[in-house]
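Novice: Per our numbering, residue 99 is the first one in the sequence shown, and the count goes up by one each step.
The hints are simulated quantities; they were obtained by calculation from the structure and are not laboratory data. We treat Cβ as the ideally placed atom computed from N, Cα and C, and that holds for glycine. Please note that the accuracy of each hint is not assured.
Per label pair, the in silico range of CB-to-CB distance [what the hints assert, rightly or not]:
(1) Lys167 - Val124: 18 to 24 Å
(2) Glu234 - Pro295: 33 to 39 Å
(3) Ser107 - Tyr291: 43 to 49 Å
(4) Ile195 - Asp125: 45 to 51 Å
(5) Arg289 - Leu156: 28 to 34 Å
(6) Asp188 - Asp125: 18 to 24 Å
(7) Lys238 - Glu170: 22 to 28 Å
(8) Asn304 - Asp217: 42 to 48 Å
(9) Tyr291 - Pro108: 39 to 45 Å
Think about it this way: if two alpha-carbon atoms lie no more than 16 Å apart in a straight line, the pair counts; the simulated EDC-like pairs of lysine to aspartate or glutamate are [said to hold, decoys possible]:
(10) Lys206 - Asp217
(11) Lys215 - Asp125
(12) Lys238 - Asp160
(13) Lys167 - Glu283
(14) Lys206 - Glu234
(15) Lys242 - Glu110
(16) Lys263 - Asp160
(17) Lys120 - Asp228
(18) Lys242 - Asp160
(19) Lys206 - Glu174
(20) Lys163 - Glu106
(21) Lys120 - Glu234
(22) Lys215 - Asp228
(23) Lys215 - Asp181
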Amino acid sequence: MMIDGKKESPVERAARMMAFDKAFGVDRVCGVDEAGRGPLVGPVSVCACVLPLTIPILGIDDSKKLSEKKREELFEKIADVADYCVVLIDAATIDSINILQATKLGMKRAVEGLSIKPDIAIVDAVKGLDIQVRYEPVIKADAKSYNVAAASILAKVTRDRLMRKLDAEFPQYGFSRNKGYGTSEHIAALREYGACPEHRATFIRNFVGDGGREG
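All chains, please: the whole structure from these sequences, using the hints.
Specialist: Spelled out as structure tokens, the structure:
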């Protein structure tokens, strides 16, 4: 983000994002975000995160703006001090109830999995949640809220680590590189080898017909 024509420093970004969370006027602000709604394979990863709004962890930002190395570094720093819960909703459930409902289910479970009930949950855009906590859907919350940005990092790193494990099991698809997204490499492998057990049948039917899976 630019401030008065100048690139925002990590200190300025942390101050701005923490101020956004503090403006809700409560003690425990929970950020909720997901990673993996769009890929053709694997779970959607959902995180609820509560960080203290005191001494900031510099570098926290929307996970999409950070390098993989930086996300990994921040994951450890956030995990050391946060009350957080990451939930993975698998491909079979996504196929059964659709990706939006799977994301909402993950958000519900993630908030309920926190050690202490938060005062409010700030959610990145998603509405209609069935959670016993006051929540506020905010468009592009991962670029505005300190806790939502932290949740986006935890969710993304958790899912990326899983995709690297799946790459070792199913190397033909290039999961460590494409993270399950529909790159030309991934689609070509789908057409050549068919689907693996972790593919989302409802996402890949246009590429492999009936979505038949490998044994």
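Novice: Give a verdict on every hint.
Specialist: Comparing the hints with the structure gives:
no. : hint                        : in the structure
1   : Lys167 - Val124: 18 to 24 Å : violated (34 Å)
2   : Glu234 - Pro295: 33 to 39 Å : holds (38 Å)
3   : Ser107 - Tyr291: 43 to 49 Å : holds (47 Å)
4   : Ile195 - Asp125: 45 to 51 Å : violated (34 Å)
5   : Arg289 - Leu156: 28 to 34 Å : violated (45 Å)
6   : Asp188 - Asp125: 18 to 24 Å : violated (34 Å)
7   : Lys238 - Glu170: 22 to 28 Å : holds (24 Å)
8   : Asn304 - Asp217: 42 to 48 Å : holds (44 Å)
9   : Tyr291 - Pro108: 39 to 45 Å : holds (44 Å)
10  : Lys206 - Asp217             : holds (15 Å)
11  : Lys215 - Asp125             : holds (11 Å)
12  : Lys238 - Asp160             : holds (9 Å)
13  : Lys167 - Glu283             : violated (23 Å)
14  : Lys206 - Glu234             : holds (14 Å)
15  : Lys242 - Glu110             : holds (12 Å)
16  : Lys263 - Asp160             : violated (24 Å)
17  : Lys120 - Asp228             : violated (24 Å)
18  : Lys242 - Asp160             : holds (8 Å)
19  : Lys206 - Glu174             : violated (24 Å)
20  : Lys163 - Glu106             : holds (13 Å)
21  : Lys120 - Glu234             : holds (14 Å)
22  : Lys215 - Asp228             : holds (15 Å)
23  : Lys215 - Asp181             : holds (10 Å)
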